[in-house]
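Visitor: Spelled out from the first residue to the last, the chains are:
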Amino acid sequence: MLSQKLKLQQWCSTAKNVADRALIVAKFLCVLHIADNYLCAPTLVHGPSMLPTLNMRGDVVLTERVSHRIGNVGVGDVVLVVSPENPRKMITKRVVAREGDPVSVVGDGIWGDVSRSFVVPKGHVWVQGDNPYQSRDSRIFGPVPYGLIKGRVFLRVWPLDEFGLL
Amino acid sequence: MGPSNFQLWGSFAKEAMDASMLVVNFFCFLQVTRTYIFNAASVSGPSMLPTFSLSGEIVLVDRISLRLGKISRGDIVLVRSPENPRKVITKRLIGIEGDRMTFAVDPRRVGDDRKTVTVPKGHVWVQGDNVYESRDSRTFGAVPYALLQGRVFWRVWPLEDFGAL
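Taken in sequence, the protein lines are chains E and P.
If you're matching positions, the first sequence starts at 12 in this note's numbering and goes up one per residue.
If you're matching positions, the second sequence starts at 49 in this note's numbering and goes up one per residue.
Treat each hint with caution, since some may be false.
[Unchecked claim] Computed list of lysine-lysine pairs in PhoX-like fashion (alpha-carbon distance at most 25 Å, straight line):
(1) K118/P to K135/P
(2) K100/E to K169/P
(3) K135/P to K100/E
(4) K16/E to K38/E
(5) K133/E to K163/P
(6) K118/P to K100/E
(7) K38/E to K133/E
(8) K118/P to K169/P
(9) K133/E to K62/P
(10) K27/E to K16/E
(11) K161/E to K135/P
(12) K161/E to K169/P
(13) K38/E to K100/E
(14) K118/P to K133/E
(15) K38/E to K27/E
[Unchecked claim] If you anchor each label on the Cβ, the simulated ranges turn out as follows:
(16) S120/P to N97/E: 32 to 42 Å
(17) A64/P to N97/E: 21 to 31 Å
(18) S103/P to R99/E: 23 to 33 Å
(19) W22/E to P98/P: 26 to 36 Å
(20) Y144/E to E145/P: 22 to 32 Å
(21) R156/P to V77/E: 37 to 47 Å
(22) P98/P to G175/E: 51 to 61 Å
(23) I85/P to W22/E: 23 to 33 Å
(24) L97/P to V36/E: 10 to 20 Å
(25) V77/E to I85/P: 23 to 33 Å
(26) S68/P to R80/E: 21 to 31 Å
(27) L78/P to D31/E: 17 to 27 Å
[Stated by the list, open to error] Stretch by stretch, here's where chain E covers chain P in the computed footprint (C-beta under 8 Å, at least three residues):
(28) 127-133
(29) 164-178
Since the hints were made in silico from the structure, they are not lab data.
Because the structure is a prediction, the values reported are computed rather than measured.
Glycine included, each C-beta is placed from N, C-alpha and C at the ideal position.
Please construct the entire structure, taking both the sequences and the accompanying hints into account.
Guide: Right under this line is the structure:
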């Protein structure tokens with residue numbers, strides 16, 4: 012009878028310990044989520060579309076999540092964008108034109124075989140990879156709504172010999 | 049000799065820190081819930097009459113089905129406007145990628161002026177229930193799936209309309 016009561020007490024205190032630890036982990040994850048989504052996050056980017064700026068095999072870069080929320084993304088910024096073709100994929104491209112800027116497209120993609128010139132619509136940006144031969148970008152899928160921009164790449168942290176601002 | 053001023057200040061500062069940590073924790077937790085689980089939103093405007101009244105309603109928005117990709121035709125969704133990234137609009141999801149959408153270019157004009165568009169890959173077609181007063185995909189085209197902000201599933205206010213949507 013006494014040993015049963017002791018066991019119950021031990022159970023309760025163990026459960027309480029576990030709950031406390033779980034709460035600490037939950038708080039840490041909350042803070043991580045806030046930092047990742049609203050401040051700054053490290054990201055692995057890879058692929059040939061941003062050569063020579065970014066390597067093909069993979070670079071770790073820091074992306075800041077502040078500029079795009081305050082509307083501070085401008086021409087020349089390298090940004091993380093959700094692909095309009097596949098919502099589960101994030102792509103890295105450079106902003107080449109903002110809303111209201113004229114753009115000229117030569118053939119290919121959704122424009123057919125004609126060279127066209129038009130203005131980037133309101134609320135959109137025109138993104139292109141630095142490597143125009145190996146890049147699926149706005150020349151293929153058109154101007155991208157500003158709301159798809161998820162961050163601005165500003166610093167490369169890996170590989171170490173290429174550490175520096177972008 | 050009682051506690052010095054310095055000690056009083058110290059204990060006051062500590063209490064203030066504890067209280068503000070509690071507030072910060074609460075907001076962190078609230079933000080994570082709002083991002084991954086559900087969110088409350090206020091919707092207003094004429095574009096979703098008669099579903100939503102002109103004066104504004106408070107609804108609950110589900111974020112889970114968005115992440116699981118379980119949004120289907122007929123759902124009311126919150127969308128970040130492709131014309132103005134600071135604005136979130138409420139529309140009904142009418143078509144998904146691959147659907148052929150046929151719509152009247154101007155519903156006010158009697159006539160056969162219709163247009164047919166195929167919804168591209170990764171995009172959805174949204175329309176307001178009130179076709180006469182709604183800027184939606186008929187105006188700005190199909191919207192990339194990633195601009196969706198959640199699925200409206202419950203109306204909280206006004207109370208006489210409390211219930212599922």
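Visitor: Against which earlier hints does the structure fall short, listed by number upward?
Guide: Those not satisfied are hints 4, 7, 9, 13, 14, 16, 17, 18, 19, 24.
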